[in-house]
Amino acid sequence: MVAPGALRVVRCGGSTLCGARAVFSADSKYLLCASGDFVKVYSVNTEETLRLMSGHADLVTGIQLNPHNHMQLYSSSLDGTIKLWDFMDGILIKTFTVGSKLLALYTLATAEDSVFVVIPKKGERDTFQLVSVKLTKGAGQDLESKELLVVLDGVGASMKHIAFGREGAYVVSVKGVNLQVYFFKRKLLNRFSLSTLKTKGGDNRFSCVVCHPTEDCIATGHADGKIRLWRNFHHKKEYTYSTLHWHHDIVMDLAFSMEGTRLLSGGVESVLVQWHNESSCQKDFLPRLGSPIEYISMASDGALCCTLHTDNRITIINSNLRFSRSIQGLIKSRDVKTGLVVDPRTKALVLNGEPGHLQFYSLQSDQQLFSLDIVQRQYIHEAGLKQSDLVKVAFSARGTWLATVEESEEVTDPELQLKLWFYHEEAQSFQLNTRINTPHDNHITDMCFRDMDELGDDSLILVTTGRDCVFKVWVMVEDTDPEAQQSVSWTCDFVGSYHNYQATNCCFSEDGSLLAVSFEETVTVWDSLTWDLKCTFCHPPGNIRKICFGRLTCSKYLIGATDYGFLCCWNLLTCALEWSAHLNIVVLQPDPVSEHIAAVSWLSKESSLFVFKPNEPRPIYIQRNLCKEKILLAAFVPRDEPEMTSSEKYPWLRKSQLFFLTDTQELMTLSTKSLEERLTPSSKQLAVEESLPVTPFSVLLGKHRQQQAQEDTDLGKPVVHNKQEQASPAVKELLHTPAHVLPSASFLCSIFINSLLISKENKSVEEVADEVEMESEKAEDDSDEEDVTAMEQEDTSHMELLGEMTCKLSKSQEKELRKIRKMDYSWISAF
Amino acid sequence: MAAAPPCAFSPRGCRLFASCGPDGRLRVWDTAGSRLQHEYVPSAHLSAACTCLAWAPAEARQPPGKDGPQRKKRKSEVGEVDKQLDILAIGTAVGSILLYSTVKGELQSKLDGGHDSRVNCVRWHQDSCCLYSCSDDKHIVEWNTQTCKVKCKWKGDNSSVTCLCISPDGKMLLSAGRTIKLWDLETKEVYRHFTGHATSVSSLMFTTVKPMNESKPFDGITGLYFLSGAIHDRLLSVWQIRSDRKEKNAVMSFTVTDEPTFVDLTVSEVKEEPVKLAVVCRDGQLHLFEHILNGYCKKPLTSNCTIQIATPGNDGDSTPKPVPILAAAFCTDKQSLLLVYGNTLQPIIEKVTLNTSESHICLVRDIQKVLSLKTDAALTKVKTPVVNSDTKVLVPGIPGHSTAVKTPASGKEKKKNKRKPGETEESIEERLGALDIDVSKVKTPGGLPQTDSFAVLLVQGLESNDAEILNKVLNTRKENIVKNTVARMPIHAVIPLLHELTKRLQGNPYSASVMVRWLKSVFTVHASYLSTLPDLIPQLGMLYQLMESRVKTLQKLCRLHGRLFILVTQVAASQTVQDVPEVNQTAKLVYEDDSSEEEGSDDEMIADKDSDENWDEDEEKEEQSDEQDMTVEKEVNGDSDLEPENESEEE
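Line order of the protein sequences matches chains B and S.
End of the first sequence sits at 831 in full-length UniProt numbering; the numbers just go up one at a time, nothing left out.
End of the second sequence sits at 651 in full-length UniProt numbering; the numbers just go up one at a time, nothing left out.
Each hint should be verified, as a subset may be incorrect.
[Unchecked claim] Derived DSS-like pairs: lysine-lysine, alpha-carbon spacing no greater than 27 Å straight-line: (1) 630(B) <-> 613(B); (2) 819(B) <-> 271(S); (3) 351(S) <-> 655(B); (4) 271(S) <-> 655(B); (5) 556(B) <-> 534(B); (6) 655(B) <-> 556(B); (7) 104(S) <-> 29(B); (8) 334(S) <-> 210(S); (9) 334(S) <-> 655(B).
Just so you know, these hints were derived from the structure itself, not from any lab.
Work the whole structure out from these sequences, hints included.
Put into structure tokens, the structure is as follows:
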């Protein structure tokens, strides 16, 4: 039955974003993060995905920039490989095969050709070691890197448990209540441990560790919310630590700013705390981040930081603790109780989002549209609290009405609320119309609207079924009370029950004349006008798991799946069983625009998909082994335009698309497209080269920077910055005089330029460098131009870097500067 | 000219909407969420304001012949993410063109040296490596976007060139100043002239991709229709490119209410399919046209449908104000429209599916509210739905929360109707009852002793529906008074009392504890009467549900308790009830006036009861007629307290 060129299961909705700490690119314009098997490159400015780098066969566990080349990225994965990418172009440069599972990745600027990874120790379960991997140099793309050197034994598996200290001098690892520091130079291992006693509610176990970038200081987070700052750990005995305590629960991650003056911490409270100068009295907060913080990372220039949250979100925060951007994938909630529902108005997929919220996920653009706060209660991030959450959602046929059921998590006596929302077009928002407390005495098992287009929304009927053995019919009535401001509201019209069995499912026939309600083993069919019981069906043994009516030409059939492993089709005209099949169906989903019904079975660790028409007992499409995970939910989403390409082979995919949600909360769909077509390669992009006009500043800066770089490499010694005293007096004066007493810029310009000229190669290298510094400082004032110049500088530097001597350069530079001097500087006066 | 700020929808399903405000900032909006995606400020945004925008075509497709006009080319695949570089070309007032990457959010390149005056229009070629621009300097420039160099530059008109459009096959270019010229892109020669517009043309668009009559072989251009609109012109003209060079005049024209500022259309690919045209005018109205293009039409066509947006204007300012529509585009399904309306700095983008059979549609939108709701969602994307205080709340026990377990078969509408007349009927009954009382009252001055016992008060209160009296009576907490009052109450007042009690039980949870005593005694005393009622279920269904829902928590215990209590008290009450008629009978004898006996026997009984019970209190009442209610109550209480005790003691 399966046609050649079969359908492929394609993941969508973005896999989990919090596989590892995200990394900012060197210029803070891009954010790189591990997402499932992929590495994604986001633009910080626009929140859009720029690149999707695929190649790993398993979860990516760590990403780090190449310390020797900022345009390259190392990534490690559970598949045992380290890959080197050019992330700007999305090109895989090299693959290093290590062999064992890689759980975390670290790079060091001082380590020439090796990276550090955490691997499981051979022969022992649940013990891990930090090893350094020598990245073999070779010509090919795929290289073997088996040269492993164990650095530390018995480390934690998470990337948060290891940190490298200032300039790679030492490495710190935490596990349990033990902290170990290994000094590379001295080959010294110091171990410290805290008491395991849980005194006064304290819990000393380490949760994360980071190192100060410039000083010998280690910050550790603990399970009880404390942060400890360790110093003087060179000595076994005389170490000291100070404690910062604000978090009430485990500190999930810490990050130091680039200068080390600020420390960021975050935890389950979803509050980002910024500690200044390691003192506990000075701290800033950024509250209401939505969900627990999993990772924190800082950009190298300190202007941005980002937090990765457990609900699949990245929040980009600027340096003064303000929200800047947020990148949101499909929110993973603990349990999708609402099912997959399609909003008829926005065509978005609607399901549980954050606790108490409904997320509207646009499948067309594969991004979250918005999330709707239904419960409207402050969510308290605290373990063990009973929170209210949404359990059922239903939309009316045109999306004007939304019914939601929320319940508290208590099992025995749930607190239920049924809310009916009306889409208020004037305000472009849902508006609460009717709230019904305790609509049922026990959990609500199913809810559906009667979808009737032709009658309009006036005759809307909502049916809820509950475990309190009744189903209730809610109707919209016009309010007779003149005081009521609303013209319509909802009331109960009918309560039906059947032999005191629990009602489990309900659904309306396509024309809305019949209502089918399943009561444990029995399906009852009711007339929706008079609410008379018309007939009953059952297929004992086994309770009814799902029911649905056929559509269009098959509207005389009723399909039911039992938990005893039968799929049954009853004919409503003859009231007899038409056919049945022995399948353990977990999902039964009718297509709203055709007569096809998709059924997903779950048998011995694999899910299979069957697509059938009720009038034919033979399925029209079977796909065995659809995926390894159990599929919990499915939804047909109507397409905007019928797809033509696959219409001959897969007529059931023409008008709508099938989406699944697995128990690991991966959203999947079926695609007929080949892999190449789906992954939009970068080569297809509109090739527009970056060509920006050269500004005078960039010319100036470019030359200076280039010379500086040249000298750096030539002389082979580091350039010492920050010698303000050596700057020329003119520049000094320029910078130190208050702006309001300065003469006009056009007048100052020539003095300034003159001061930059090098007087016959007797100036030291340092001085030149200094002046460049000054210039760039000045350039930064002009924020518009700055980006432009920085890029331009890189371009030009490549071309002229070759074979020019220092003295020669200064001469040519002089010439260049003269030329510049003659140029028109009137534009400066504009600033 | 102060034209409307340039704006454009992205190709491929209009996911983004770019607009350049008067402040020179480029804003990119997400159409699905009506949310500001990002904002870009060109470095020279004040001196070189943005004059026109054009999105790069979706992608370079291999068969160029099949392509529609680039702005119309929409390819959307559900679930596919198309994150290719979306390049936006921005023409500026000083003659330079900026290429801006909307994915990266940064300037990609700057095209300089082509124009030395205001750029009026930019258009991408379908193959995406070429860009065409025209300017006030009378020239048309062809750019190579890869190298950012001028490929070709030629003089397009004697005056400024205001608009461009590339033919569906990509081989011809339409340019317009005042006259419209069709250029052959290969040779850069004029292929055709079209004259007819008096002012400079502001929009040009091809409406068909294939000629409508397939008799002749298609050479890529002949037989196609295109549309043009000009500034200060209320007519949009449609032209046809014909082989016989007879295209002197426009084929037909569409009339709108004001100068068109934004035009969008669906390209018809099949002959039978009409062209749908959406024209946004300067006055903020949107006109929809639907027309099958086939040859000449003398008369200007008027719009099939006009759409306006206005504020509701019900609160505060009483007059609805119009809200200007800024732009509109057809969605991929060609049915629904994306509307952009409101302020240019903060537009609202909405997808609407309209019934275009109506000739005039006015959408009411509360702009302030929408914007205030939108700003909440700006960063976190969390929208909070409106919850007003006038929401209906149903709690267990309130009518409508659940219905009785199946009343005799009747449709829901019928039942609803039934209920209403039922109420009115009751009120008639009550009126009749009230008449009786009135009669008796009238009689009382005639020497009959006046009554003001609780039972009378209660009945009066029930009949007149006087909240004050009812409050006074029903708020008594003394068990005995309650019991006696209920016992002496006329039977016809039982049901109204029950209704009143139900109402009060639903209202305030605190009053329930008081009302329950009344309920208890009503049921103990009048259980037999209630059981005789034929319509007991509809009458008391609500009360039943109320009680059911209230006792749910301790259901079984309460049931047992209730049943035992009824049993015990029934036994006791059966005797007291027997006592009461005795009193009645004695009272009957005292009657002097028989007129009430003409009524039905029930009424007679009741009237009797009433008067009987109140024998004793007559005098007191007369004495203290001016006194406060409270004292009356107390005394009454005192009286009635005594009586039952006496009775029980007698027993």
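Structure-based check of all given hints:
For the hint linking residue 630(B) to residue 613(B), the alpha-carbon distance of about 24 Å falls within 27 Å, and the restraint holds. Restraint check for residue 819(B) and residue 271(S): not satisfied, since their Cα atoms lie roughly 65 Å apart, outside the 27 Å limit. For the hint pairing residue 351(S) with residue 655(B), the CA-to-CA distance comes to about 21 Å; that is within 27 Å, so the pair holds. Straight-line distance between C-alpha atoms of residue 271(S) and residue 655(B) comes to about 24 Å, which keeps the hinted pair within the 27 Å bound.
Our distance criterion of 27 Å between C-alpha atoms is met by residue 556(B) and residue 534(B), whose separation comes to about 14 Å. Proximity of residue 655(B) to residue 556(B) is assessed by CA-CA distance (about 22 Å); at most 27 Å being required, the pair is judged to hold. For the given pair, residue 104(S) sits about 8 Å from residue 29(B) by alpha-carbon distance, which is consistent with the 27 Å threshold. Between the alpha carbons of residue 334(S) and residue 210(S) the distance comes to roughly 18 Å, so the proposed pair stays at or under 27 Å and holds.
Among the hinted pairs, residue 334(S) with residue 655(B) is consistent with the structure: their alpha-carbon atoms are about 16 Å apart, no more than 27 Å.
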